[in-house]
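Asks: Sequence:
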Amino acid sequence: MAIAAILATILTAALTAFNAAAADPLAECNDSPNPATQIRGCTQYINEGKPDKHNLSIAYVNRAIAYSMLGKNGEALKDFSSAIEVDPNNPLAYYNRGNLYLDTGHHDLAINDFTCALAIDPMFSLAYYNRGLAYERLQKLHEAKADFAQVLALDPSHADAKEHLDRLRLIN
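In terms of mature numbering (1 follows the signal peptide of the UniProt record, and there is no 0), the sequence shown is residues -22 to -1, 1 to 150.
Any given hint could turn out to be false.
To be verified - In the BS3-like style, the derived pairs of lysine-lysine whose C-alpha atoms are separated by at most 30 Å in a straight line are:
#, residue 1, residue 2
1, Lys140, Lys118
2, Lys28, Lys56
3, Lys118, Lys56
4, Lys31, Lys50
5, Lys28, Lys50
6, Lys31, Lys56
7, Lys140, Lys123
Worth flagging that the hints you see were computed from the coordinates, not collected in a lab. Please read these numbers as outputs of a predicted model, since none were measured by experiment.
Modelling step: build the complete structure from the supplied sequences, incorporating the hints.
Replies: Following this line, the structure appears as structure tokens:
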């Protein structure tokens, strides 16, 4: 009987902790691996009206990424744009919207967003890399090479940037 009472107490404590974590919209927004749960948490957090502009921007970015994972690119684009409107100094908002543009073939728009991210954070090697990809897809090979070289200057172990740069040097 004592063991059953102890197990019941442990189970109750675990369920209470689980329900508290599940009910925390910020935790769902930032940490959930499930896009639908992440969207729910971010939406609740955004609608609470409490966040400062940086955290609100992050919530929009997280929800946009979740929408994108579900193939809801229109909703994702709106949220990335909302994140930028709320906090125009958030390089992740520009970077991730640039990724959406890159993935959907809007290479010029992607380049613009990656450039904005780099204006805020000039050490953002992934923004250089993805901008290089966009330039390469537009056959702007000189610009692509410069971006891949910058990635390697910031992160010499970036194998994909090295591969792209080596290939571009062979053809141009």
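Asks: It remains to establish, for every hint, whether it holds in the given structure.
Replies: We went through each hint and held it up to the structure:
The straight-line distance between the Cα atoms of lysine 140 and lysine 118 is roughly 17 Å, inside the 30 Å bound, and the hint therefore holds. This hinted pair checks out: lysine 28 and lysine 56 have alpha carbons roughly 21 Å apart, not beyond 30 Å. Distance hint between lysine 118 and lysine 56 is fulfilled; the C-alpha atoms sit about 29 Å from each other, no more than 30 Å. Pair hint lysine 31 plus lysine 50 holds up; C-alpha atoms about 24 Å apart against a cutoff of 30 Å.
Using a Cα cut-off of 30 Å, the hinted pair lysine 28 and lysine 50 holds, with the two alpha carbons roughly 26 Å apart. For the given pair, lysine 31 sits about 17 Å from lysine 56 by alpha-carbon distance, which is consistent with the 30 Å threshold. Our distance criterion of 30 Å between C-alpha atoms is met by lysine 140 and lysine 123, whose separation comes to about 10 Å.
Consistency with the previously given hints is maintained throughout, with no hint failing.
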